[in-house]
Amino acid sequence: MAINWFKYSAPTTFYGLAGKLIPFFAWPAAILFAIGFYIGFFVAPTDAVQSEAYRIIFIHVPASILSMFIYLIMAGYAALGLIFNTRLSSMMAQALAPTGALFAFISLWTGALWGKPMWGAWWVWDARLTSELILLFLYLGFIALQASIEDPRRADRASALLAIIGSVNVPIIYFSVKWWNTLHQGSTIKFTGTSMHVAMQQAMFIVLVACWLYAIAVALARVRSIILERERNTQWVNELKEVRS
Amino acid sequence: MNRLSLFGLLGLVVRRDLLLAMRRRADVLTTLIFFVMVVSLFPLGVGPEPELLRKMASGVVWVAALLASMLSLPRMFSADHADGTLEQMMLAPQSLSVLVLGKIVAHWMLSGLPLALIAPVLGLQFDMPAQALWILVLALLLGTPVLSMIGAVGAALTLGLRGGGVLVSLLVLPLCIPVLIFGAGAVEAVSSGMSAVSNLSLLGAFMLFALVFTPFVAAQALRISME
Numbered sequence: 020m021a022i023n024w025f026k027y028s029a030p031t032t033f034y035g036l037a038g039k040l041i042p043f044f045a046w047p048a049a050i051l052f053a054i055g056f057y058i059g060f061f062v063a064p065t066d067a068v069q070s071e072a073y074r075i076i077f078i079h080v081p082a083s084i085l086s087m088f089i090y091l092i093m094a095g096y097a098a099l100g101l102i103f104n105t106r107l108s109s110m111m112a113q114a115l116a117p118t119g120a121l122f123a124f125i126s127l128w129t130g131a132l133w134g135k136p137m138w139g140a141w142w143v144w145d146a147r148l149t150s151e152l153i154l155l156f157l158y159l160g161f162i163a164l165q166a167s168i169e170d171p172r173r174a175d176r177a178s179a180l181l182a183i184i185g186s187v188n189v190p191i192i193y194f195s196v197k198w199w200n201t202l203h204q205g206s207t208i209k210f211t212g213t214s215m216h217v218a219m220q221q222a223m224f225i226v227l228v229a230c231w232l233y234a235i236a237v238a239l240a241r242v243r244s245i246i247l248e249r250e251r252n253t254q255w256v257n258e259l260k261e262v263r264s
Numbered sequence: 598m599n600r601l602s603l604f605g606l607l608g609l610v611v612r613r614d615l616l617l618a619m620r621r622r623a624d625v626l627t628t629l630i631f632f633v634m635v636v637s638l639f640p641l642g643v644g645p646e647p648e649l650l651r652k653m654a655s656g657v658v659w660v661a662a663l664l665a666s667m668l669s670l671p672r673m674f675s676a677d678h679a680d681g682t683l684e685q686m687m688l689a690p691q692s693l694s695v696l697v698l699g700k701i702v703a704h705w706m707l708s709g710l711p712l713a714l715i716a717p718v719l720g721l722q723f724d725m726p727a728q729a730l731w732i733l734v735l736a737l738l739l740g741t742p743v744l745s746m747i748g749a750v751g752a753a754l755t756l757g758l759r760g761g762g763v764l765v766s767l768l769v770l771p772l773c774i775p776v777l778i779f780g781a782g783a784v785e786a787v788s789s790g791m792s793a794v795s796n797l798s799l800l801g802a803f804m805l806f807a808l809v810f811t812p813f814v815a816a817q818a819l820r821i822s823m824e
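In order, the protein sequences belong to chains L and A.
In terms of my numbering, the first sequence is numbered consecutively and its last residue is 264.
In terms of my numbering, the second sequence is numbered consecutively and its last residue is 824.
Calculated from the structure, these hints are not laboratory results.
Please read all numbers here as calculations on a predicted model, not as lab measurements.
Just so it is clear, CB atoms sit at the ideal spot from N, CA and C, and this is done for glycine as well.
It cannot be assumed that every hint is accurate.
[To be verified] One side only, chain L facing chain A, incomplete, derived with CB under 8 Å:
id : residue
1  : Val62
2  : Ala163
3  : Leu164
4  : Pro171
[Claimed, not checked] Where chain L lies over chain A, by a calculated footprint (3+ residues, C-beta under 8 Å):
id : segment
5  : 611-618
6  : 646-656
7  : 806-819
Produce the entire structure from the sequences given, and follow the hints as far as they go.
Shown next, in the form of structure tokens:
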């Protein structure tokens, strides 16, 4: 039996699939957020140097990781849409952008809240902070370009090109703490091991997974809206239960 | 008609754009006057202490250069787009990337080069030492082509859009930040007694990197915008 791998690359079929998948991502995300924050705020021990203020990392680090990761995924989808002319890929890229921008903003915001007690300043012009800020600007540019072009096909392709150019920035953010000797500390967790307490690691990891699931759920919900909006003149959309009622 | 060589084509496009610009000198001059004005506003805004001014001079000149080059970007393709020349260029058998490169070179000669040449005069307003002035010009000569090249991509993407002028700045400015950092850093390094070589080398590297990729990317962006 031949499997049609591309069955769900059509917006018509993906719309239904996405609707069924959302609860499988949304509920685990909510539960894991609860567990992760519980461990992070009540179980994990107080840090010897940074005392209680360090606890903001449980949201700061996952948000930063995802802001970079989502950008790459978005650029990847955008590139797929540009190269193979698949409409759904471009819609996914469009759906991911606001979530990525949100995570970049949370990362900067929580970083500022942490920086005030630790460094004594809300903001320093350090390489990692600056490059993360540029990432937020790139997200905003992507969204603005997409929004200002009327023709969806041209909007997809133009913003795809922008997303691909902007992806140069992601490795710069990631390696900025290594390349430049900056105020922002280097990564504590490495593939070779870590000096972190187990409960801290667990909390951070659980919140990371929760953010991940949240991002997927939200992107799927958003892509459903985008599909409805773009295909509003087709017959299958008008026959949908939720559209007719 | 015999086939044009690569450089012949490049020269042709550059000459044409320069000629067109010379027929409308006001456009070129406004960019330059804007640059001079923005730089002159800073001492009025922050106060005339020479110590402070000397310190911020390179940054101010660079930011003003960045803004001035943004100002002239929408013009890079719009006139040709309006009268249909651009479509003819895209139909031409020659590579569109080379044509775009020609337009970038012309744009730089009309916006970047004059800024770099007038920058020392503005530097004197800020009481910059002579050695720093030379580095400033050198950094601008290396950096402003990158601004034109990245700008070409933005201008091509936003061709014919409503509010394209603001949008192009929104897209291009984040990508120009490295040029700003290392361009201003070169002058900073000299002022604090260090060598500017590393900053200037990085600027040169940016320029070569942009030279390889941006004409092609801008050509692709034009194709997307024109279809």
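Right, here's what the structure says about each hint:
1. Interface restraint check: L/Val62 against chain A, minimum CB-CB distance 40 Å, threshold 8 Å, status violated.
2. With a cut of 8 Å, the hint placing L/Ala163 at the interface with chain A holds, because the nearest CB-to-CB distance is about 5 Å.
3. Satisfaction of the interface hint for L/Leu164 is found here, the shortest Cβ-Cβ separation to chain A being roughly 6 Å, below the 8 Å cut-off.
4. Of the supplied interface hints, the one on L/Pro171 is violated, with its beta-carbon coming no nearer than about 13 Å to a beta-carbon of chain A, more than 8 Å.
5. Taking a C-beta to C-beta cut-off of 8 Å, the segment 611-618 of chain A contributes 0 residues in contact with chain L, too few for the three needed, and the coverage statement is violated.
6. With a cut-off of 8 Å between beta carbons, the segment 646-656 of chain A has 0 residues touching chain L; three or more are needed, and the interface restraint is violated.
7. Under the rule that three or more residues need a Cβ within less than 8 Å of chain L, the assignment of the segment 806-819 of chain A holds, with 3 such residues.
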